[in-house]
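Participant: Using the sequences plus the hints, can you model the full thing?
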Amino acid sequence: MYAPTKTDNYPTQTSIDQAKVEQILAHHNPNYISPTLPNPHSPTSPTSPQTPQTPHSRPQRNEAKLNKQSHINFLARLLIQGFPDRYTSQDASQPWLIFWIVQGLSLLGVGLDAGNKQKIINTLLACQSPLGGFGGGPGQAPHLLTTYAAVCTLAIVGRPGPQGGWDQIDRKKLYAFFLSLKQPDGSTLVSPHSEVDVRGTYCLLVTSTLLDILTPPLSASTPSFIASCQTYEGGFASASQPYYSPYFKVRNESTLMSDPRPPLGEAHGGYTFCAVASWVMLAPLRPPSNPSSPPNPASNPQTSPSPRPEYPTSQFTPSQEEGPKINTRSLVRWLTSLQGSPLELGAFRGRTNKLVDGCYSWWVGGCFGVLEGLGIDGANFSHYSHSKAHASGGQGGQGEGEGKSEEDEWADDDDALFNKRALQEYILYAAQAPTGGLRDKPPKHADSYHTLYNLSGLSNAQHRVHPSAEVTELLEKNWVDTPPPSPASAPTSTPPSPPSKTEETEETFERPDIYLSKLPSESYEAWNARRKRIWMAASAWSEDESEGSVAYVGGSDNRVNASHPLFNLTITHSRGMLNHFYGQSFVVPS
Amino acid sequence: MPGDSVLYSERPEWSDIQPIAQYETVTPVAPIFYSDEYKDATGYFRAVVKANERSERVLQLTEHIIRLNPGHYSVWQYRWSTLLALGSSLEDELLLMDELATTYLKTYQVWHHRRLIITELGGKSNPARELRFIRQGLNVDSKNYHTWAYRQWLLAHFNEDALWEGELPFVEEMLDEDVRNNSAWHHRFFTVWQSGVRAGEEDREYTLNRELSYTKEKIALAPNNGSAWNYLRGVLDFTKTSYSTLRTFIEPYTAPRDESEPEVLDLDNPLPSKDAQLPCVAAIEFLAEIYESEVDNAKRAAELYRSLAEVHDKIREKYWNYRVGEALSSAGQVVAS
Ligand SMILES: [Zn+2]
Chain A
1 MYAPTKTDNY
11 PTQTSIDQAK
21 VEQILAHHNP
31 NYISPTLPNP
41 HSPTSPTSPQ
51 TPQTPHSRPQ
61 RNEAKLNKQS
71 HINFLARLLI
81 QGFPDRYTSQ
91 DASQPWLIFW
101 IVQGLSLLGV
111 GLDAGNKQKI
121 INTLLACQSP
131 LGGFGGGPGQ
141 APHLLTTYAA
151 VCTLAIVGRP
161 GPQGGWDQID
171 RKKLYAFFLS
181 LKQPDGSTLV
191 SPHSEVDVRG
201 TYCLLVTSTL
211 LDILTPPLSA
221 STPSFIASCQ
231 TYEGGFASAS
241 QPYYSPYFKV
251 RNESTLMSDP
261 RPPLGEAHGG
271 YTFCAVASWV
281 MLAPLRPPSN
291 PSSPPNPASN
301 PQTSPSPRPE
311 YPTSQFTPSQ
321 EEGPKINTRS
331 LVRWLTSLQG
341 SPLELGAFRG
351 RTNKLVDGCY
361 SWWVGGCFGV
371 LEGLGIDGAN
381 FSHYSHSKAH
391 ASGGQGGQGE
401 GEGKSEEDEW
411 ADDDDALFNK
421 RALQEYILYA
431 AQAPTGGLRD
441 KPPKHADSYH
451 TLYNLSGLSN
461 AQHRVHPSAE
471 VTELLEKNWV
481 DTPPPSPASA
491 PTSTPPSPPS
501 KTEETEETFE
511 RPDIYLSKLP
521 SESYEAWNAR
531 RKRIWMAASA
541 WSEDESEGSV
551 AYVGGSDNRV
561 NASHPLFNLT
571 ITHSRGMLNH
581 FYGQSFVVPS
Chain B
1 MPGDSVLYSE
11 RPEWSDIQPI
21 AQYETVTPVA
31 PIFYSDEYKD
41 ATGYFRAVVK
51 ANERSERVLQ
61 LTEHIIRLNP
71 GHYSVWQYRW
81 STLLALGSSL
91 EDELLLMDEL
101 ATTYLKTYQV
111 WHHRRLIITE
121 LGGKSNPARE
131 LRFIRQGLNV
141 DSKNYHTWAY
151 RQWLLAHFNE
161 DALWEGELPF
171 VEEMLDEDVR
181 NNSAWHHRFF
191 TVWQSGVRAG
201 EEDREYTLNR
211 ELSYTKEKIA
221 LAPNNGSAWN
231 YLRGVLDFTK
241 TSYSTLRTFI
251 EPYTAPRDES
261 EPEVLDLDNP
271 LPSKDAQLPC
281 VAAIEFLAEI
291 YESEVDNAKR
301 AAELYRSLAE
311 VHDKIREKYW
321 NYRVGEALSS
331 AGQVVAS
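Chains A and B, in that order, are what the protein sequence lines are. Residue 381 in UniProt numbering sits at position 381 of the first sequence; the count goes up by one each step and never skips. Residue 1 in UniProt numbering sits at position 1 of the second sequence; the count goes up by one each step and never skips.
Just so you know, not all the hints are guaranteed correct.
Listed below are the simulated SDA-like cross-link pairs for lysine to any residue, each with C-alpha atoms no more than 20 Å apart in a straight line [to be verified]:
hint : chain 1 : residue 1 : chain 2 : residue 2
1    : B       : Lys50     : A       : Leu125
2    : B       : Lys314    : A       : Gly576
3    : A       : Lys117    : B       : Pro28
4    : B       : Lys39     : B       : Pro12
5    : A       : Lys6      : B       : Lys39
6    : B       : Lys240    : A       : Lys117
7    : A       : Lys444    : B       : Lys106
8    : B       : Lys240    : A       : Asn327
9    : B       : Lys314    : A       : Asp17
10   : B       : Lys143    : A       : Ile16
11   : B       : Lys274    : A       : Lys477
12   : B       : Lys314    : A       : Pro11
13   : A       : Lys441    : B       : Lys143
14   : A       : Lys444    : A       : Leu355
15   : B       : Lys106    : A       : Leu343
16   : A       : Lys6      : B       : Glu310
17   : B       : Lys216    : A       : Leu125
18   : A       : Lys182    : B       : Leu116
19   : B       : Lys143    : A       : Val553
20   : A       : Lys6      : B       : Pro256
21   : B       : Lys216    : A       : Asp8
22   : A       : Lys117    : A       : Gly576
Here chain B is said to cover these stretches of chain A; the calculated rule only asks that three of the stretch's residues, wherever they fall, bring their Cβ under 8 Å from a Cβ of chain B [said to hold, decoys possible]:
hint : region
23   : 9–21
24   : 76–82
25   : 136–147
26   : 206–212
27   : 334–346
28   : 351–359
Simulated from the structure, these hints should not be mistaken for lab results. We treat Cβ as the ideally placed atom computed from N, Cα and C, and that holds for glycine.
Facilitator: Structure below.
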């Protein structure tokens, strides 16, 4: 049961590092019984569980408890009192520090008082750059990653109106800033003169989705960039290298080649999360196969339930031949392969043959939530075999005989593709630091980053959040088109730039959003239809509260709030901000 | 240098600058308690940015801040555009980066700044020297993501045969040091398969066989090494080679060693090492996929997946059961069609 990783008696640095971690984690596993360790649960062992032979006291069974209060204290202390000098390394990530704390508190069910909310809003607005976007601190250059952190934090603590934070986001400049970072291969720089990677793509897509500035020019070629980052292992790399024909040296006049376009770096959990979530967020922008059908296959109430997920590939365009694809089969295989052994308490590692780390509870574990957006979860095949057995009247020669006995095998706690129970155990037994906060692994100290991503991973392992067909239907019914504004009601001091007069047809209208002047001519209906698709796809994610979808290791006292798999905000905060920026007022009934 | 420098506010040569406090009107949440040295230097940095000053002293100031906080991307950006504006020596800048990259190996910015310098130097740069520098970095941290990504960018960017030539021996050296280093395996895939076909490599059949032999040998050495198995699958998928072609090689890895059978030396299909801990999960999965691809063998595939779920790899029970369902359902489709 608790076998160490097989080394084939061929030690290398990797296996030596691995063995050290397994030894440490064994001390945190209440069920682990080793001949070299006295077992506190065995009636024949010494009565005191505090055995002096071991450097760490081994937790009791009843310690499968999320120490909520001490984590709340840990986060609140950082928010109010601040960070010591050694956090100077995070000076260019101040919106992140705030996001990790505030979203960590949201998951723990803690809201902030009006005074602290206002302080956070003011701090973040001080980080907004005059160039558009948010920087790592006041006076710093705008950056995609800190823009994500600032906007998501404002989703939690902000509100409409003066000083509320939401209407003070300069979306016109933000949109221009985003466009200025776009590269010809569909990637984006994370900041001027900075690197390209899929984290930037992810952060851009989250913020532009939430703020209603996601447009075709902004997402042009992004699917093919994402697809090119998938490696032979199934996960995604940080970026890919574009080659241009005929030679890269004259790239300005050349066209992007589809091959070679190699990934830079190996498959990695963090980049994979960003790539797959980006892929899902782009779905509402893909060319609709027919005008009336919603783009997301999983949230399309008109499509009869498809027994098979889109294996082996997820296509970006409806056509079977064209367009970029990702291989979801190798992706799922790689993701599941990263879950550690029982000795590692089921934690996730971020790359093949690296060590487990609590933050991958979200970056890798959270990917399984994102995959719901592609219609992929463990339920696919249980449903398939179920309906199959009925349809064929129990076709002989399949598996162990009858459909019934097979179904019994599926009857487990949940339909997840990974071991949700084991992951919760890692977080509860090993990732909680004794003095509050959560960590990479023992004996490391807790920090705000690992506190949030352990809690987010725990949330994902406790709940199933998916694009609900029912909610999609409600959203569809209740969407209200944004009317074309009358010139008098235009909220800005600068008048919208007039649409270009060339080649325009009867449908031209003055779009309320000044940033859209950069778009090619689009009819009023098409503009609203696209915004509706994006709003619906983002708002449809809901918690599945049916039996078997919720599982709390250690009991329901350990429950943390459910998180939106694409944004890592609670469902309420996500929908609240979406409604504001899309001009909607419909509240999904709970 | 950090620690022993005079504050800028006490230097006469900076007296023309009025430093700017970080938060002028706001009391921030989650404040960082900076050292006086850092607070002072960044106050002057904000002021020179506001004045758009490009000067030698800006280069000194930005270097100072980078040494205190190498993650300060705005300082890097401003330093870069200042270097260009002043026409400063990029060769000197590269020497400085040699030092900083070694100290701050884990920061994005040190590698990205290098990339900007090398790109700007273009034909005047020395990419071979870069490859040697990277090798030193990998001696310290053999799985550093940025270091590997930088190496791959460098090779693709210059795309010169002379640079590519050394890559295979280099990867083998890295894998000899640690056959479980997944970064090195990825680099091998990048070099051999994903960067185009270079002169001398046109015979892809030869390349495929060379890679299969190499990988089998490494699997035999330490069979429970996911990196080598993933590479093997990657090669087969990339070249659209059927998994079934490796059946003879795979089988001895799927069951406990049979001590009674005499060992036959087969160079194409190296046997597991004497100390191998068999059966090997990756081999069972591989064999199951071979069965799954065959017309009548779905049941055997399902049995193998089930053995992974129930015996050999229980942590992934859900996933393996999913594969059982998939194997049986696709078999159903074959029957139906
Ligand atoms: Zn971590």
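Participant: All hints are to be evaluated individually against the structure, with a verdict given for each.
Facilitator: Hints versus structure:
The straight-line distance between the Cα atoms of Lys50(B) and Leu125(A) is roughly 18 Å, inside the 20 Å bound, and the hint therefore holds. Between Lys314(B) and Gly576(A), the direct Cα distance comes to roughly 41 Å. Violation of the 20 Å bound is thereby established for this hinted pair. Simply put, Lys117(A) and Pro28(B) have alpha-carbon atoms about 11 Å apart, close enough for the 20 Å limit, and the pair holds. With a C-alpha separation of about 18 Å, the suggested pairing of Lys39(B) with Pro12(B) holds against the 20 Å cut-off.
In summary, the hint linking Lys6(A) to Lys39(B) is not supported, as the alpha carbons are separated by about 51 Å, beyond the 20 Å threshold. A distance of roughly 56 Å separates the Cα atoms of Lys240(B) and Lys117(A); the hinted pair therefore is violated under the 20 Å criterion. With a CA separation close to 18 Å, the supplied pair Lys444(A) and Lys106(B) stays within the 20 Å bound. With a C-alpha separation of about 15 Å, the suggested pair Lys240(B) and Asn327(A) falls inside the 20 Å cut-off, and the hint holds.
Pair hint Lys314(B) plus Asp17(A) does not hold up; C-alpha atoms about 23 Å apart against a cutoff of 20 Å. Between Lys143(B) and Ile16(A), the direct Cα distance comes to roughly 15 Å. Compliance with the 20 Å bound is thereby established for this hinted pair. The suggested pairing of Lys274(B) with Lys477(A) is violated, with an alpha-carbon distance near 67 Å, which exceeds 20 Å. Of the supplied pair hints, the one linking Lys314(B) and Pro11(A) is violated, its CA atoms being roughly 24 Å apart against a limit of 20 Å.
Our distance criterion of 20 Å between C-alpha atoms is met by Lys441(A) and Lys143(B), whose separation comes to about 19 Å. Only pairs whose Cα atoms come within 20 Å are accepted, and Lys444(A) paired with Leu355(A) is accepted, the gap being roughly 14 Å. With a C-alpha separation of about 29 Å, the suggested pairing of Lys106(B) with Leu343(A) is violated against the 20 Å cut-off. Proximity of Lys6(A) to Glu310(B) is assessed by CA-CA distance (about 18 Å); at most 20 Å being required, the pair is judged to hold.
Distance check on the hinted pair: Lys216(B) and Leu125(A) sit about 57 Å apart at the alpha-carbon level, beyond 20 Å; violated. The straight-line distance between the Cα atoms of Lys182(A) and Leu116(B) is roughly 18 Å, inside the 20 Å bound, and the hint therefore holds. Pair hint Lys143(B) plus Val553(A) does not hold up; C-alpha atoms about 34 Å apart against a cutoff of 20 Å. For the suggested pair Lys6(A) and Pro256(B), the alpha carbons sit about 14 Å apart, so the restraint of at most 20 Å is met.
Restraint check for Lys216(B) and Asp8(A): satisfied, since their Cα atoms lie roughly 15 Å apart, inside the 20 Å limit. Restraint check for Lys117(A) and Gly576(A): satisfied, since their Cα atoms lie roughly 16 Å apart, inside the 20 Å limit. Note: the region 9–21 of chain A has 6 residues with beta-carbon separation from chain B under 8 Å; the three-residue rule is met and the coverage holds. For a cut-off of 8 Å, the count of residues in the region 76–82 of chain A with a CB near a CB of chain B stands at 4, and the three-residue condition holds.
Three residues within the 8 Å Cβ limit are the bar, and the region 136–147 of chain A against chain B gives 7, so the coverage statement holds. Counting residues of the region 206–212 of chain A whose CB falls under 8 Å from any CB of chain B gives 0; the rule of at least 3 is not met. As drawn, the region 334–346 of chain A meets chain B at 8 residues by the rule of a beta-carbon pair under 8 Å; at three or more, the given contact holds. Requiring three or more residues with a Cβ within less than 8 Å of a Cβ of chain B, the coverage given for the region 351–359 of chain A holds, as 4 such residues are present.
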